[in-house]
Structures are given as structure tokens and as C-alpha cells.
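Following the numbering used here, the numbering of the sequence shown begins with 1129 at its first residue and continues without gaps.
Hints were generated in silico from the structure; no laboratory data involved. Don't take every hint at face value.
[To be verified] With a straight-line Cα cutoff of 20 Å, these simulated SDA-like cross-link-like pairs (lysine to any residue) come out:
no., residue 1, residue 2
1, K1230, A1194
2, K1204, A1220
3, K1230, K1204
4, K1230, T1241
5, K1230, R1247
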Amino acid sequence: MPERRRYDLSSSLLRQLLGDHLDSGYAAAHRERAGRPVPWLAQRVWFAVGALLLGSLMGVAAVNAAARQPGAEETKRGLVAGVRAERADTEALARRAAELAKRLDEARTAALTGDGQGRAVLDELARLERATAAVPVTGPGLRVTVGDPPERRGTRSRENILDRDLQVLVNSLWASGAEAVAVGGHRLQPRTAVRQAGGMLVDNRPVTQPYVLEAIGSPEELETRFVGTDGHGRFATFTQLYGTTFTIERVGELRLAAAPAEEPRLAVVPAAPIAPPTAPPTTTGR
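Construct all of the structure, not just a fragment, from the sequences and the given hints.
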């Protein structure tokens, strides 16, 4: 008895895909039409109808765009005018605040310079203002510049210098005896944060490479102490491994602006809890 041949489904499907290039519905329609070509008049009619529809759509879109353009331009002009007005108001308020702060300082100085106790208060206040970066300062110091290799700046490659690296560098300057520090022109105050969020931020303000750190203090003493810190060692290693820019410059006079004023916070000692009254001891008679 002859062996029955097995039906190979996969080879059948493959043969059909390779051999039949025309869908069966199109083939049936072609047979019904018996190969007659479409009349040239019908082709031109359909072409004209399509061109008319496309032209109508483009015309409607152009009319709508033209109708919206005056309103968009007017809205844009209104927004620009509003921004300029708000900016002018902000600048005027800033000038007024600076004028009032100056008058307050003059009145405070005149009221407290009359005796020794008042002068001591002024000295302590000046020390606190310098410590909190509330006033601009001027003096000699160091300028430290760090950055990725020049050929890598402005590219999409990942930066070698991270926020934690700048944090270590800033802390090293403080540990070296710096009296005031600024990063990228932004003065550091006790609550300033150096962090990365889409870019390097100092006190929520962006800074770009190369990063310039300025520290006020005795240039000789600052540099001598700074060389032995973790920050100096870290960036010296970066220079050898990655070609990172790392320069230290002694400057005869640095001018660091005051940090933006923030809402003051006061520490309040909580009141001691009142103990509940104790009941007198009870006695039992015999």
C-alpha cells in the first residue's frame, strides 16, 4: 500500500505568498471587467474631484490661519507688554527696598553708636551679616576654576564634574579658612544648595562651565591649606585621568555681591509641658 504523503502547511503558505501577488478580490474584479481599461473621462473626473477637495481644504486652512493671525499677534503683544510692565515694577520695588534698607542702616547706626554697648551690638550685627551673606564683601582671596576638557564642552557627552564634586570643593574652601565664597557669581549663604537638575544649580540659579569659585581670605594661607584638602586631591586626580581643567589663582581684590534676601526663620524653645497634678496619697484607718 503506497505511503500517504503528508500535507505540509508551512510550505503551502510560503508557496502561496511567493506565487500569488494579487488579492483574490482584485483578480475577480479584473476577470469581470475582462481587462477593459477605465474610461479616460472617468479618470479625469475623479482627478478633478480630488483636486477640488484638496484645494478646498487648503483654502479653508489658509482662511482660518489668516483669521487667527491678528488675534495671535495681539495676544503676543499683550504678553510682552505685561512682562515688561512686571519687570519694571520689580526693578522699581528693588530700588525702593535698597533705599529703605540704606535708611534703616543709617538710623540704626546713629542710634547705637552713642555708647559702648550699642557699638558692641553693631559689631555683632555686622559679623552676623557677613556670616549670612547679607552684605557684599570685598577683599583678597583665591579664584578656583574647574571644568571639563575644552573639546568636550557644549557636546552631549556626560559631564565629568557632578554636583557632589563641587560640594566637596566648596567645603574644602570653607575648611581652608574662607570668609566668603561664591560659585559662578552667586554668593553662598548658610542655606544655599549646590545640586544638579537638568544642569548645575547654585541656590536654584543655573551656572555653566567652566565653574568659577571665588573665596575671600588671605591668599597665601588659603592656598596652603587648600592644597591638603579632599577637594584639591579630587580635582588633581580628575586632571590626570580625564583632562579636567583645574586652576588656582591668587587675586588681590575680589568683590562678592550679597546673597538674595530670604525669609528669616527663628528658633523657638518649646514651653515645658505642664505636669498633671498628682493626687494626694490616701490613708486608711485601722
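Verification of the hints:
1. K1230 x A1194: Violated. K1230 to A1194 sits at ~55 Å, over the 20 Å cutoff.
2. K1204 x A1220: Judged against 20 Å, a Cα distance of about 24 Å means the pair is violated.
3. K1230 x K1204: 39 Å, violated
4. K1230 x T1241: 16 Å, holds
5. K1230 x R1247: Distance of about 18 Å is within 20 Å: holds.
In summary, the numbered hints that this structure violates are 1, 2, 3.
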